[in-house]
Amino acid sequence: MKTTHKIIIGDSRWMKEVPDESVHLIITSPPYWQLKDYGNEKQIGFNDTYEEYINNLNLVWNECSRVLHKGCRLCINIGDQFARSVYYGRYKVIPIRTEIIKFCESAGFDYMGAVIWQKVTTCNTTGGATVMGSYPFPRNGILKLDYEFILIFKKPGKAPKVSKEIKEQSKLTDEEWNQYFTGHWNFPGEKQDKHLAMFPEELPKRLIKMFSFVGDTVLDPFLGSGTTSLAAKNLNRNSIGYEINEDFLPVIREKLGIKQSTIFQDVTFEIINQEEPKIDFKEEMKKLPYIFKDPIKFDKKVDPKKLRFGSKIDNSHYERENYYTVKEIISPEILVLDNGLKIRLLGVKETPEKNGEAIQFLAEKTKGQKVFLRFDNSIKYDEKNNLLCYLYLQNKTLINAHLIKNGLTDVDTTIDYKYRDRFLALKTDKV
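Here the sequence shown stands for residues 1 to 431, numbered as in my numbering.
Hints listed in this document are in silico derivations from the structure and should not be mistaken for laboratory results. C-beta atoms are modelled at their ideal positions from N, C-alpha and C, and glycine is treated no differently. Please note: incorrect hints may appear among the correct ones.
What the hints assert, rightly or not - Computed beta-carbon distance windows for the label pairs:
{"hint": "1", "residue 1": "156", "residue 2": "92", "range": "33 to 39 Å"}
{"hint": "2", "residue 1": "246", "residue 2": "183", "range": "36 to 42 Å"}
{"hint": "3", "residue 1": "405", "residue 2": "278", "range": "53 to 59 Å"}
All chains should be modelled from the sequences, with the hints used to inform the complete structure.
Given below as structure tokens:
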């Protein structure tokens, strides 16, 4: 069967390239809220307040309702997310799925339940380290968010008719049916090497086989690296994918096997650049039913728009910093900032005989100076719930490295982190 696959470089809040009720299945994983920078100024999530994030997604769900055929499914992969702001001072989990369920139903969908995807992975995509909290003691252990939800919605109405021949071609085996239509899935997450947030092909493959027929059209409003289109192609379905960031197009082309030609024996690819949307999204959001009641009680001095929740994963190291001053130096490893947050310098291991000198060094370096924090993707908190971080002066001086370079501390080799080899090299040079 011949299939067509459209990759639209554009904004899924305005999917005017897709006719009404022309899609038979929607599968997507929306961008994280303030967690990952996908490298485009029009992206949803990274620069949004919580209200803006939810309402931007609501614009997408409204478009999904328009383009989806009656009787067909919308499937959304979403995880809970830690709120771990340096301002906030304590843990809180943000159940974004509850907002999505509420507003997808407001858009006219019926909620049909969810699959809990146990990711069987050490990847911490929603901000959770492997061991957190008061380990190994009660009572402040923190659950590891190594699972996500796949929310299933149905657009009310009568689904399109399908021929007997197509039904037979789309038939699931008994093993597939019993494995797919369960409340829990167990398969690994995807290695994040060419894109910041890829899900494995197994996820859209299952949903496509569960909720569509051969020859149907599958849409992904947040295409990313192109996994949904790949699964659709491999299962003889057509696909449409929206991706806001044109820089991901080479990754999509490579994944789908698109080289110079876009027409193959049984597959046609179309790459479309969306015209500038003729719509003011901010004005459209004002029409939505969302009334924002901040669930987090902020200190009155803190501007909620400046908060960053989760552990920021982006393509640059020195953007949108929040600056602090050092209030107290407890040890060469432990410092307290002016907002009361206790931090631990990642990779630094104090040397008792050098402690006095190291503390004096820190005092001199940070006196009257603004500092900012950077985090490591592998581990975020120590066993005492101190925030593990790299501490930078405003001029980009990495304090952790300078302590080691000057022979004032040792290198912590008990855990893995990004700059471990770099710190060990600094120690060797000093010796």
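Verification of the hints:
1. 156 to 92: 33 to 39 Å: Between residue 156 and residue 92, where Cβ atoms are some 35 Å apart, the hint holds.
2. 246 to 183: 36 to 42 Å: 38 Å, holds
3. 405 to 278: 53 to 59 Å: 56 Å, holds
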